[in-house]
Amino acid sequence: MSGMGDMGEDIHDLVHAFADGELEPSEAEAFREHLGTCEQCQAELDDILQLQALSGRLASMEAKQAPAPETVAPPVERARPVEAARKTEEAAASSRAFRPAWSRRRRVGLSVVLGGALAAAFALAVLRTPGLEGGNTPETLALAPTRSTEARLSYGGASGWRPYGVKRSGNERPVERVPLETQAKLEKKSDLHGLATTFLLQGEKDQAAEYLGKLSSSPDVDSDRAVVALSKGALEEALSLLEGVLEKAPNHAPALWNRGLVLRELGLDLLAAESFGKVAALNEPGWSDEARERKAQLERQGQERHNRWKAVWDAGNRMVADGTLLTDSQVRDAPPMARRSLYLAAWTAPTAERVLALRPVAQALDAHYGGRVLETYLERTAKRDFATRAPLAATFSQGLEGKLDATAGEAFIRQLQASGEQDILLGALSLLGMLPARVDLYEAAARSLGDPWFLMSAQLQRAQAQLAARELGQAEATLRTALPECEQQHLDSRCAELEQMLVELYTLDHRLSEAGELARKGLTRAQQMNEAGLEVRFLQNLEQIARFQKGLALARAYLQESALREPDSCPTQIHVHACRCWPLCVP
-1 MSGMGDMGED IHDLVHAFAD GELEPSEAEA FREHLGTCEQ CQAELDDILQ
49 LQALSGRLAS MEAKQAPAPE TVAPPVERAR PVEAARKTEE AAASSRAFRP
99 AWSRRRRVGL SVVLGGALAA AFALAVLRTP GLEGGNTPET LALAPTRSTE
149 ARLSYGGASG WRPYGVKRSG NERPVERVPL ETQAKLEKKS DLHGLATTFL
199 LQGEKDQAAE YLGKLSSSPD VDSDRAVVAL SKGALEEALS LLEGVLEKAP
249 NHAPALWNRG LVLRELGLDL LAAESFGKVA ALNEPGWSDE ARERKAQLER
299 QGQERHNRWK AVWDAGNRMV ADGTLLTDSQ VRDAPPMARR SLYLAAWTAP
349 TAERVLALRP VAQALDAHYG GRVLETYLER TAKRDFATRA PLAATFSQGL
399 EGKLDATAGE AFIRQLQASG EQDILLGALS LLGMLPARVD LYEAAARSLG
449 DPWFLMSAQL QRAQAQLAAR ELGQAEATLR TALPECEQQH LDSRCAELEQ
499 MLVELYTLDH RLSEAGELAR KGLTRAQQMN EAGLEVRFLQ NLEQIARFQK
549 GLALARAYLQ ESALREPDSC PTQIHVHACR CWPLCVP
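Using the working numbering, read the sequence shown as starting at -1 and increasing by one per residue.
Derived from the structure by calculation, the hints contain no laboratory data.
Lysine-lysine pairs mimicking DSSO-like chemistry, simulated, CA-CA at most 27 Å apart:
| hint | residue 1 | residue 2 |
| --- | --- | --- |
| 1 | Lys230 | Lys203 |
| 2 | Lys212 | Lys246 |
| 3 | Lys246 | Lys230 |
| 4 | Lys276 | Lys246 |
| 5 | Lys183 | Lys212 |
| 6 | Lys548 | Lys519 |
| 7 | Lys293 | Lys276 |
| 8 | Lys308 | Lys401 |
Just so it is clear, the structure is predicted and the values come from calculations on it, not from any experiment.
Start from the sequences, fold in the hints, and give me the full structure.
And the structure:
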């Protein structure tokens, strides 16, 4: 179509296509201009939207009245939300194949328009709606065919499922327009929750918060208050409200749904998936299918990250054991882990040839970090006297297998000092648990090697020793001096470790706001470089910070996520069980 002007009075025929999102962007814009002056199209569009809302409302009521099964088991195959939306659109297209006269030219009164079956449906909805006699029936507010917000609203007139994010015309998303007449009815009935919901639908969160603030606390009201907090980015407030709702009503579907959204925004994907799983188990029309899809997506993303991490871990162990090289893609999947594996492979290599064979991995890592630090390191190491180095490399391999006791470990350190194999000495001091006590020896070896990875590690160990001695000022100075240099060298994992220790220092010093900000930044960094162990450490830091700030809901969430991330880790599970006495141990 070239434009609305060419259609003449046939422009009235486009109201259905406009409502269903079938117009091109230019056509939709032109029709909007027409809509502003045409009472006939305004009235007809209002009827169409009310009819859509009534149909969805009736289906929702019928589903709620259906007896719940004793056990909830997901069917073999369910349509995904997007597929469900497509089927709805196909059904709508079929129904538009024949349009009665009232839909093309002239508006007939609503009582005539509804006609036989629809009038019966309307009557059935009225008869089945509780509280109608007292005039307390919620006004239907959500009329658009799709919803513009991920969150679930609890007000009865806006609580039904509609697909999320389906575009209408061009790049538009559904517009949540509430007629002024409806708002006037809500004002007349003093329906503050309904008025608050109209503002939420229109994206006016401050006005929504004002009206919700006038209401007494209840599961529905508090869940919608959490939606406002979520929309403002106040995630801790939102989570606290939702946890309060779920303590009183564990199966409150909107609260479970919104909790999943909040947890996802906090980066707690596994716990968010668990929350959406609880919604899916409620078997609500529409909502459960979408919840199931969201749960699967979150779990799939987490599993994919874990699989990549595990692949690099296993491949790194093979490289240390028999020299099988990491691939370039594995290096990209987890650069810090690949770098540690390269060092271990060089420290255990029995020959110069085995060291030089690691060059492709060094080149891939240098491409990531910049410079030629690792390739130069291998070239220099290959020139060492392997008649001396090879036996030391074999002893280091024994240490990796846990076969060196304390006495043998001390003798090994003395041998390494005498031989001048400074790189193996760095690995042995860490492997044998001699840090930070032997930090001076470690720092001297790092300076001799000149590798910034170990120079930053030396600063980390120095700060650890100062922190253990309660020299907080000196430790902070050490860390703050090291961090800019670390960032300049792009040593991602080392920088995150420096930040993590600074978080511990700030927490110890009760500088909780600074600690929390840095911990959230560190968690994001750890996720980006796929450092699973560091992620859990930052989660545990955030849990402790939240506890000290009396944010028990947030602390509980961080703790539960860390447990889900490392279900087989004894230290993590011990930490989780040790924190079960929170109400007693919170300062």
